[in-house]
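There are 2 protein chains.
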Amino acid sequence: MILKKISCYILLVILVSRVSAQSVNPVQVSIGKVKLDFVLDANGTPAYAVQYNQQQVITPSRLGFSLTDDSTFYKGFELLHTSRRAVNESWQPVWGEVNTIRNQYEELTVVLRQRKAPNRLLNIVFRVFEEGVGFRYEFPLQPNLKYFIVADELTQFNLTGDHKTFWIPGDYDTNEYLYTTSPLSTIDNTSIVKSSTDIAVRTAPDRYAVQTPLMMKSKEGLYINIHEAALINYPAMQLHVDRARFSLSSSLVPDATGNKAYLHAPGNTPWRTIIVSDKAADVLASKMILNLNEPTTLTNTSWIKPMKFVGVWWEMQTAKATWNYSNFPDSTDANGKLIPNGTHGANTANVKKYIDFAAANGIGGVLVEGWNTGWEDWFGNWKENVFSFTTPYPDFDVREITRYAASKGVTMIMHNETSGSATDYERQLDTAYRFMSLMGYTSVKTGYVGKIIPRGEHHDGQWMVNHYDRVARKAAEHQVAIDVHEPMRPTGQHRTWPNWMASEAGRGNEYNAFSIGSPPEHETILPFTRLMGGPMDYTPGIFKMKGYTGYAPERQMHTTLAKQLALYVTMYSPLQMAADLPENYAAKPDAFQFIRDVPVDWDDTKIIEAEPGDYISIARKEKGKPNWFIGTITDENNRTAVLPLSFLDKGQQYVAVIYGDAPGADWKSNPEAYRIETFLVDSNNTLRLKLAAGGGAAVQVKPASPTDLKQFKKYTSK
Amino acid sequence: MILKKISCYILLVILVSRVSAQSVNPVQVSIGKVKLDFVLDANGTPAYAVQYNQQQVITPSRLGFSLTDDSTFYKGFELLHTSRRAVNESWQPVWGEVNTIRNQYEELTVVLRQRKAPNRLLNIVFRVFEEGVGFRYEFPLQPNLKYFIVADELTQFNLTGDHKTFWIPGDYDTNEYLYTTSPLSTIDNTSIVKSSTDIAVRTAPDRYAVQTPLMMKSKEGLYINIHEAALINYPAMQLHVDRARFSLSSSLVPDATGNKAYLHAPGNTPWRTIIVSDKAADVLASKMILNLNEPTTLTNTSWIKPMKFVGVWWEMQTAKATWNYSNFPDSTDANGKLIPNGTHGANTANVKKYIDFAAANGIGGVLVEGWNTGWEDWFGNWKENVFSFTTPYPDFDVREITRYAASKGVTMIMHNETSGSATDYERQLDTAYRFMSLMGYTSVKTGYVGKIIPRGEHHDGQWMVNHYDRVARKAAEHQVAIDVHEPMRPTGQHRTWPNWMASEAGRGNEYNAFSIGSPPEHETILPFTRLMGGPMDYTPGIFKMKGYTGYAPERQMHTTLAKQLALYVTMYSPLQMAADLPENYAAKPDAFQFIRDVPVDWDDTKIIEAEPGDYISIARKEKGKPNWFIGTITDENNRTAVLPLSFLDKGQQYVAVIYGDAPGADWKSNPEAYRIETFLVDSNNTLRLKLAAGGGAAVQVKPASPTDLKQFKKYTSK
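Line by line, the protein sequences are chains C and G. Numbered per our numbering, the first sequence finishes at 718, counting up by one with no gaps. Numbered per our numbering, the second sequence finishes at 718, counting up by one with no gaps.
Just to be clear, a hint being listed does not mean it is correct.
For chains that are exact copies, the list does not tell them apart, and a pair is met inside one copy or across any two.
With a straight-line Cα cutoff of 16 angstroms, these simulated EDC-like cross-link-like pairs (lysine to aspartate or glutamate) come out [claimed, not checked]:
{"no.": "1", "residue 1": "LYS474", "residue 2": "ASP430"}
{"no.": "2", "residue 1": "LYS146", "residue 2": "ASP377"}
{"no.": "3", "residue 1": "LYS474", "residue 2": "ASP424"}
{"no.": "4", "residue 1": "LYS146", "residue 2": "GLU376"}
{"no.": "5", "residue 1": "LYS668", "residue 2": "ASP70"}
{"no.": "6", "residue 1": "LYS146", "residue 2": "GLU384"}
{"no.": "7", "residue 1": "LYS713", "residue 2": "ASP682"}
{"no.": "8", "residue 1": "LYS474", "residue 2": "GLU609"}
{"no.": "9", "residue 1": "LYS279", "residue 2": "ASP188"}
{"no.": "10", "residue 1": "LYS33", "residue 2": "GLU611"}
{"no.": "11", "residue 1": "LYS710", "residue 2": "ASP278"}
{"no.": "12", "residue 1": "LYS690", "residue 2": "GLU677"}
{"no.": "13", "residue 1": "LYS194", "residue 2": "GLU138"}
{"no.": "14", "residue 1": "LYS164", "residue 2": "ASP278"}
Don't read these hints as lab results, they were simulated from the structure. Keep in mind the model is a prediction, meaning the values are calculated, not measured.
Take the sequences, apply the hints, and build the full model.
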């Protein structure tokens, strides 16, 4: 997202006070219900605390570092001075859930100096928002701190009780886990790591570590979310849980040598974020993480276009086709050419089928996986030179496909799976993106399935964080949008790089194809966790709910079909896949109409109701249009979603098309039972929608035409 | 070097015998005085032994591996069959010490299979030459060994006694050490590593490890040299010394995770080489390592041109000028531009001075270090993004310099110091080499001063070995020759990549500038060790022997001036620097005449006499000319070199210009005392040259003209 226009008025720069350490302890900043306290304790260790509505959220918690050349860079500080300012501005993202984002905060900067020689300086900057606090460390230009290495970041988040927590294991290489809901005191990831599907690299050495965004709920009903913003040139932060003290501490992903971060002063860390509210909906509505990222420097963003897409993909996930063209790299014929296996999905004729389908249904893009050489032995070998990103398989006629797609008004989406060999991808980056430009590809799905090369580095370490950043920059140079699979989880960096449109970095819908899948509650947790940092390419829209995997016929989706539709609203992404096979959509054209209609870019968003792990109901207004779309989902329990339509324009009559669970629908026994009903509604209505166990509903609401007014009945809740 | 013409006759493929393990034990192969025995012991462990002239050189020594998925890949083998062939061919290198190289060997391949499931296959291939044995492991295509990881290579070299050994510490990152001469039984590198100059990264975890090429001499007078050939896609081999058993074992440089090599079957290791003779001169004359490398696949090599060069370099080494343009990256002016420090060596005017000097003296190239941005904080920060390889400093007018050099017939030599950040160099590789092409640079000196990035990797590990190989390939694509500083030590790979013309990988002349220097024996050891694998960019030719380093006036060269001249013959390189400042050459034009005259490419080479650590005398015949050049050097002891000129054409009169130590010369007290004498000589003469302590002599021998015959006296030894 970028700052198209800024309406910015810096309210006040209150004071720059040079004072002794004693007289300023503690320093307070507050806005609305949120209050921050900063204190330097008797040892000269900086600490902070957070209150919400006069309830303690974070009790005094340590701040600081252990550096490789100074393990005490967290104590012996004196406070040189503090400065404050207030900001209230708004900005327009290139795409997003809303068309305007308010960025209002009170900022406190504390300037610290170590008393002992070499008297190093450390600044800590706090920004207090209505919905929480962000803070980061800044290393000012100074004579005795230039290049340095972070051995450990010592930031703590001391909590007030044994909160209910929605967590996945702290893993250096993946976020593709099922969520566990438990009190803090019982967190232990051992069995989860051990029992997880082997598709992702798993490196979770600390059994008490969890990933962020970490979602918690206190006994007093406070919703607390801890994450980070603007993760650049630094490793991802995990949280180590002290189960006895309810204390979380920063645990950075190490590099190959065990170091955490290589920094240079002047410089800074990412922001550590604490979002807090007594309403879960406020957590989902927060734009704090996005606000803590820098505005983009791209001046032309007109080439960045949200879109839906279909792809030659689910047929490989369900083993109907293969990525690879041959069955083994050594199975060559007498001329040294690969012997085709006859099951290769990315062949020209098959791709044209998808192009035809996309064109016929107003779907903007077609993704094709398995188009390029290297898939015969791509997986699990920790091999550096795997793929060519410019060489199609013999049966993928790249020029003809480009021509054909263009003739149909469809955009092809490039696929660059690296198998984790980031070094080799960087070597090919220039030619890969030149090739995309030449062939007219405007977006690329990248992938990092496998152990990282440089060997010893991790998906979430500083080196890879910088790699993803380099790829985003390179893509921007070529006006290509990216959808990154298997990266570190997002931290709002799409404000700075709006061409970084989506990421995976979580357990997507695909797990229902190649594993036991994810339980119905999964999609009610993801928006509170993984999606806090940015859009997820979750690949919703599966219509054939059972029996899609030939070799494992018992597998099924863990939602109803109506819930698959609702996900297009509840799981925000500007790149949204219609993941199922064309023939499965063709079999249910009435339900598919919702996917045809639902947009991927919005003027406004209302979180109507939400409870992590239980349900979410969201209404969104289509960008530049008066239409609203509502998604409501539940976990394994059926429920009635109560949805006041008060956000609609007063006095305007709308027609609402409700794609809901049919009576008798049930995610397990009867997932495909849906019912489509159309009613007239207005802002005084409250929809009451019965959701099946594992179910949901998707609603399209648009101004009623004269015909609609005659044709449809007024909605009355049943 | 490449195969220009092959005169190849494969003598015989004797047998492919399918036999039981018992009946073929042991298998023998011999040629001349060298005999190899292969045996499979009672545990099914392969072993070999080597004899020279019926003396045992290597007693039975284990072969095999520990793989990460099978620690026993060295035992339980059965011998499936053996095959033999004999080769006697010759080939012409693109450049080198001789114009034709004979490659004659008897080859034995043993095909082994593990008795236990999964019955993996391993081949060991031995090539027996007149001067030694090379062997390598081959992993044939097989169902149960595809991608695999070498945990350890278990190759042993069991020796027969406590040999006198010329060794440097086994270090993962550098070969820039002084040599120690000691019995095997007292090898311990601890104090040497500790006391070494800090300019190079030093990683020597095993106090009993040494680098190869390892030169030894037995009490019986056998000279034994152990190294490797064709190091590609594998880490460098060091040798761990079992001091009690006189046993050496392969110790591979690990990657960041501790693994040694990532391999794929079919594939192979480098060759392990054992050169042995009762004459030290034979070791220097051996082309076995080169022969064990693959012929080049380059079809056009006309662009690869040996040359001498001068450079803006020694003035930085001696602190007269700086590489950096500013004194710190933060010292910018109001416009954000770097503030010049006034001592930047690579400025246009200064470079033109070197171009003028080169043009006036028939020197082909001018190297300029410090021409590109990044030098302000390049060293010691383990920083990934340091240099731009396409951005000159403001005072280096790259286009004007290119124009000026071309107008003078001088070739500019590019400099790409990476500070060890190989990842960033790879990112810039395409643009860097395009830039060179655009600017007309036909060679580049690369450098890797600093800890390697990818962090945790080492200069001599598999990843970096592959990196140097990638750079050589990229350079070849752009018809650029490379001179690699701080790489792994060479292993004859210049046969395959003749554009890889030189490497540093050793303690060069430069150490006399920034450290205590190297003792007089140093150059008598290097040809037996570092140079066994390929040419060294030693940078000889210093004429100002004392007081060249302003801030350390006590420093001096550890040779006489005449010995500096002799090094152009004794230290072979097709890229040979005249390292001193133009003004120092201008002060001694008569001595400089030798550097003007000495070629860098040869038709023939005679090792006249040699003893490691004591003396070396070599005569070489200029490529395509009837002229000979002789270099003779000694260690800290004065001596008389006795040099029969029997290699000269019979009946031809020659004129010999002898650049020798003057009476009273001494490396320490009187290093610049040289004397130039000219005599008539023929093939019946024997030169007897008195070398000072730390001295040497350089002799040019060319057919005498009628004027010469009148002007000069016949040589008579004094």
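For each hint, the structure was consulted:
1. LYS474 with ASP430: both (8 angstroms within a copy, 15 angstroms between copies)
2. LYS146 with ASP377: Between copies only: 10 angstroms across chains, 44 angstroms inside a chain, cut-off 16 angstroms.
3. LYS474 with ASP424: both (15 angstroms within a copy, 14 angstroms between copies)
4. LYS146 with GLU376: Result: close only across copies, 13 angstroms inter versus 47 angstroms intra.
5. LYS668 with ASP70: This pair counts as neither: shortest intra-copy Cα distance 57 angstroms, inter-copy 45 angstroms.
6. LYS146 with GLU384: Classified as between; 15 angstroms across copies, 34 angstroms inside a copy.
7. LYS713 with ASP682: within (12 angstroms within a copy, 120 angstroms between copies)
8. LYS474 with GLU609: Intra 40 angstroms, inter 59 angstroms, cutoff 16 angstroms: neither.
9. LYS279 with ASP188: Answer is neither: 28 angstroms inside a copy and 69 angstroms across each miss the 16 angstroms cutoff.
10. LYS33 with GLU611: neither (21 angstroms within a copy, 86 angstroms between copies)
11. LYS710 with ASP278: Classified as neither; 44 angstroms inside a copy, 110 angstroms across copies.
12. LYS690 with GLU677: Close inside one copy (13 angstroms), not across copies (109 angstroms); limit 16 angstroms.
13. LYS194 with GLU138: neither (38 angstroms within a copy, 37 angstroms between copies)
14. LYS164 with ASP278: Intra 14 angstroms, inter 80 angstroms, cutoff 16 angstroms: intra-copy only.
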